[in-house]
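Student: Single-letter residue listing:
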Amino acid sequence: MTIVFISDDAQALACGADAVAAAFEKAGCTVERVSSWGMFWLEPLVEIGGLGYGPVRVEDVEGILTRHAELVSASTPHPSSSATIEAWTLERQSPTVKQVQGDDLCVGSLEHHPFIARQQRHSFARAGKTRPLSLVDYTATGGWTGLDRARSMAPADVVAEVTASGLRGRGGAGFPAGIKWKTVLEAKGTTKYIVCNADEGDSATFADRMMMEGDPFHLLEGMAIAAHAVGAGEGYVYVRSEYPHAIAKLNAAIALAAEKLAPFRVEVRVGAGAYVCGEETSLLNSIEGKRAEVRAKPPLPALEGLFGCPTVVNNVLTLAAIPHIMAEGGASRYAELGMGRSKGTMPIQLAGNIKHGGLFETAFGITLNELIHDIGGGTASGRPVKAVQVGGPLGAYIHPDQFDLPFDYEAYSVADALIGHGGITVFDDSADMGAMARFAFEFCAAESCGKCTPCRIGSTRGVELIDRILGSGKTAPDSVEALPQMHNARKAGRSRDEEFQLLEDLCETMQFGSLCALGGFTPYPVRSALKHWPEDFGQAGSAQ
Amino acid sequence: MDGDQLHDIIAGHQGRKGALLPMLHAIQHEFGCIDAKAEAEVAKALNLSRAEVHGVVSFYHDFTPAPDPRPMIELCRAEACKARGVEAIAPAAEAAAGERVNLKTVYCLGLCATGPNARVGDTLHSRLDEAALLSLVQSA
Ligand SMILES: Cc1cc2nc3c(=O)[nH]c(=O)nc-3n(C[C@H](O)[C@H](O)[C@H](O)COP(=O)(O)O)c2cc1C
Ligand code: SF4
Ligand code: FES
Numbered sequence: 001m002t003i004v005f006i007s008d009d010a011q012a013l014a015c016g017a018d019a020v021a022a023a024f025e026k027a028g029c030t031v032e033r034v035s036s037w038g039m040f041w042l043e044p045l046v047e048i049g050g051l052g053y054g055p056v057r058v059e060d061v062e063g064i065l066t067r068h069a070e071l072v073s074a075s076t077p078h079p080s081s082s083a084t085i086e087a088w089t090l091e092r093q094s095p096t097v098k099q100v101q102g103d104d105l106c107v108g109s110l111e112h113h114p115f116i117a118r119q120q121r122h123s124f125a126r127a128g129k130t131r132p133l134s135l136v137d138y139t140a141t142g143g144w145t146g147l148d149r150a151r152s153m154a155p156a157d158v159v160a161e162v163t164a165s166g167l168r169g170r171g172g173a174g175f176p177a178g179i180k181w182k183t184v185l186e187a188k189g190t191t192k193y194i195v196c197n198a199d200e201g202d203s204a205t206f207a208d209r210m211m212m213e214g215d216p217f218h219l220l221e222g223m224a225i226a227a228h229a230v231g232a233g234e235g236y237v238y239v240r241s242e243y244p245h246a247i248a249k250l251n252a253a254i255a256l257a258a259e260k261l262a263p264f265r266v267e268v269r270v271g272a273g274a275y276v277c278g279e280e281t282s283l284l285n286s287i288e289g290k291r292a293e294v295r296a297k298p299p300l301p302a303l304e305g306l307f308g309c310p311t312v313v314n315n316v317l318t319l320a321a322i323p324h325i326m327a328e329g330g331a332s333r334y335a336e337l338g339m340g341r342s343k344g345t346m347p348i349q350l351a352g353n354i355k356h357g358g359l360f361e362t363a364f365g366i367t368l369n370e371l372i373h374d375i376g377g378g379t380a381s382g383r384p385v386k387a388v389q390v391g392g393p394l395g396a397y398i399h400p401d402q403f404d405l406p407f408d409y410e411a412y413s414v415a416d417a418l419i420g421h422g423g424i425t426v427f428d429d430s431a432d433m434g435a436m437a438r439f440a441f442e443f444c445a446a447e448s449c450g451k452c453t454p455c456r457i458g459s460t461r462g463v464e465l466i467d468r469i470l471g472s473g474k475t476a477p478d479s480v481e482a483l484p485q486m487h488n489a490r491k492a493g494r495s496r497d498e499e500f501q502l503l504e505d506l507c508e509t510m511q512f513g514s515l516c517a518l519g520g521f522t523p524y525p526v527r528s529a530l531k532h533w534p535e536d537f538g539q540a541g542s543a544q
Numbered sequence: 001m002d003g004d005q006l007h008d009i010i011a012g013h014q015g016r017k018g019a020l021l022p023m024l025h026a027i028q029h030e031f032g033c034i035d036a037k038a039e040a041e042v043a044k045a046l047n048l049s050r051a052e053v054h055g056v057v058s059f060y061h062d063f064t065p066a067p068d069p070r071p072m073i074e075l076c077r078a079e080a081c082k083a084r085g086v087e088a089i090a091p092a093a094e095a096a097a098g099e100r101v102n103l104k105t106v107y108c109l110g111l112c113a114t115g116p117n118a119r120v121g122d123t124l125h126s127r128l129d130e131a132a133l134l135s136l137v138q139s140a
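Note that the protein sequences, when read in sequence, are chains A and B.
Residue numbering for the first sequence is 1 to 544, as defined by this note's numbering.
Residue numbering for the second sequence is 1 to 140, as defined by this note's numbering.
It should be emphasised that the hints constitute simulated quantities derived from the structure, not laboratory data.
The C-beta atom is built at its ideal place from N, Cα and C for all residues, glycine as well.
Just so you know, not all the hints are guaranteed correct.
[Claimed, not checked] Derived list of chain B stretches under chain A, where covered just means 3 residues or more per stretch with a C-beta under 8 Å from a C-beta of chain A: (1) 14-22; (2) 69-81; (3) 124-138.
[What the hints assert, rightly or not] With a straight-line Cα cutoff of 27 Å, these simulated DSS-like cross-link-like pairs (lysine-lysine) come out: (4) 17/B / 182/A; (5) 17/B / 451/A; (6) 37/B / 290/A; (7) 37/B / 17/B; (8) 260/A / 44/B; (9) 451/A / 104/B; (10) 17/B / 290/A; (11) 44/B / 290/A; (12) 188/A / 17/B.
[Unchecked claim] So these bits of chain A aren't anywhere near chain B, every CB distance computed over 10 Å: (13) 113; (14) 164; (15) 303; (16) 365; (17) 366; (18) 373; (19) 378; (20) 456; (21) 457.
Okay, chain A solo, but in the shape it has when bound (with noise of 0.2 Å):
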């Protein structure tokens, strides 16, 4: 009997997994189900015998068995047909991708693939391996060993484990995990709490659901850690609703680790697709059942944080990096990787126009031209690259002169861009810099949660200013200013000169005015798109 592993990713189910993985059960293979490996060009990506077949499609399925019994007859030793993970390990070394040129659905083996084999995975180290709801599958390939040895530690020394490892948040901020975690345990009250903050909102962005998809007791091993380390009884994730799949397995990983995990207890609460809630301010009043506007701060989440109690708010890659960093040693393993002050590694997800779009795991300090040219292999057209935006919606328009910049939260920053939670969107030279620029403002003016008035109001202004920008010819005046009431208003059209110092004073006070990034770094996507392609914008020559 042949056994087929495909993955159930949300990512492979969209690319129609299930009906691949019906067609193999129907021709007489006993499919498992596993995580992704985050090649998601090859999706439906199917693994027989230690060879990747991708994309596969219903039709292939035959070829790919037919292919596959002649390689088996002609390998020694046989791969072996039992569902265990030692016998998944020996097969994927076996045939070598010489027996399989000339088979353009053939990827060779997985295990040393390029786009694999170049990575330094290791919060994503079962991706492509392991059933994710397998407890079996978890603890044989080292699952609950951090969680066991923090356990026997006293919770200070957890602690301190995680500030040597230098590990930052992976949310987007950066702020060091171990002292916010210091702050918590040190703060007085009896109930504390932690939240894993697994609304995820950024486009080119999907680590947090693969680790939640795929490797689900990971992410609640790294959160019971931190509920030792602190002295806190429960904890929260809290998941967007876009992500139906990742509800449903960490709740049945929920119960299924609910013994291990004790007295721990974890419950999953879904967002209602809103973007700012990923704020973790926000996120908490959601939590509570408040409207979700963003909070002050101080008073810091550490110290009043969840129904006023001291709360870790962690990313779920913050979250899951933990358990390796608490196995033996494992957080000066993990302080030697990376560069400055940027420690460990990056789950850096690939995206948009882009050929081997996916995930890619691997210490800080590559660069964008290794990851988008010599990874990614350039565009999915064939076409030029033209830009890439680093960070997410609130992330600058990175041009290909600036693509040895080294993946650094420092680097970035003094290029006035954003690493944030390491998604990359690439786009060729169709891509029209200025519509991008005036969906960054209207992207803000969708999520702005209305508290302060720069990221409210600004956010719809600059969809209008930029509107007439691009409009051609001289500007009318702005509809609020032709009021009669606004007596101080110029009521004459401003030239275009004037138009683009009123978009700068604009960003401005957006970047200064607003309590949160989102009102505050809106700026940063419009500005450099304006920079760096003033062209898009109806500007001859530059606008440097």
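Given chain A's structure and the hints, the job is docking chain B with the ligands onto it.
Tutor: Just chain B with the ligands now, with coordinates in the frame of chain A:
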């Protein structure tokens, strides 16, 4: 809206910490909306004012004050899907959807390496071209 069913849903969540959001999700799921009556019942159960509940309901994109009986397709129009051409295929889909299908814009479904992407219920669709998106709309 069936009053008994509404009460059952409310009672089922009432004791929880932060009960409002799960309660609203359950009501939206069951009735396809959260109307004034539901807001009032929820407010009473949680000892809140109706204004407070309405403030929460109106805050979120997922909650609607009136039911929309049309089939819904959620189409991602965020950056990574724009980079893969969603704006070029959206107009034809909008025209085909007309008033019959609710073609709703969403920002990111977490499938950003293989867009354009859409969601119908809990079923996801990736690598859409114009023909594939049109057939989603037509079969909705
Ligand atoms: C508008 C906005 C959206 C955010 N969205 C997310 C998000 O989706 N996921 C996340 O982990 N952090 C997000 N953050 C950052 C959080 O506020 C917070 O810094 C983070 O959850 C802290 O966890 P970390 O230290 O592990 O990164 C967002 C911030 C802002 C201002
Ligand atoms: S910047 Fe925008 S999202 Fe942030 S607090 Fe102000 S209004 Fe709310
Ligand atoms: S941007 Fe469309 S799925 Fe993420």
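Student: Take the hints in turn and mark each one as holding or not.
Tutor: Cross-check of the supplied hints:
1. 14-22: holds (count 6)
2. 69-81: Since three or more residues must qualify, the claim that chain A covers the region 69-81 of chain B holds, with 4 doing so at under 8 Å.
3. 124-138: Result for this restraint: holds, n = 4.
4. 17/B / 182/A: holds, 26 Å
5. 17/B / 451/A: holds, 25 Å
6. 37/B / 290/A: holds, 19 Å
7. 37/B / 17/B: Between residue 37/B and residue 17/B the Cα gap is close to 23 Å, so the pair holds against 27 Å.
8. 260/A / 44/B: Roughly 39 Å separates the two Cα atoms, so the pair is violated.
9. 451/A / 104/B: holds, 26 Å
10. 17/B / 290/A: holds, 12 Å
11. 44/B / 290/A: Holds - the C-alpha atoms of residue 290/A and residue 44/B are around 16 Å apart, at most 27 Å.
12. 188/A / 17/B: holds, 21 Å
13. 113: holds, 16 Å
14. 164: holds, 33 Å
15. 303: holds, 19 Å
16. 365: Residue 365/A is indeed farther than 10 Å from all Cβ atoms of chain B, at 23 Å.
17. 366: holds, 18 Å
18. 373: holds, 16 Å
19. 378: Its Cβ never comes within 10 Å of chain B, the nearest being 13 Å, so this holds.
20. 456: holds, 13 Å
21. 457: For residue 457/A, whose nearest Cβ neighbour in chain B is about 18 Å away, the distance exceeds 10 Å, so it holds.
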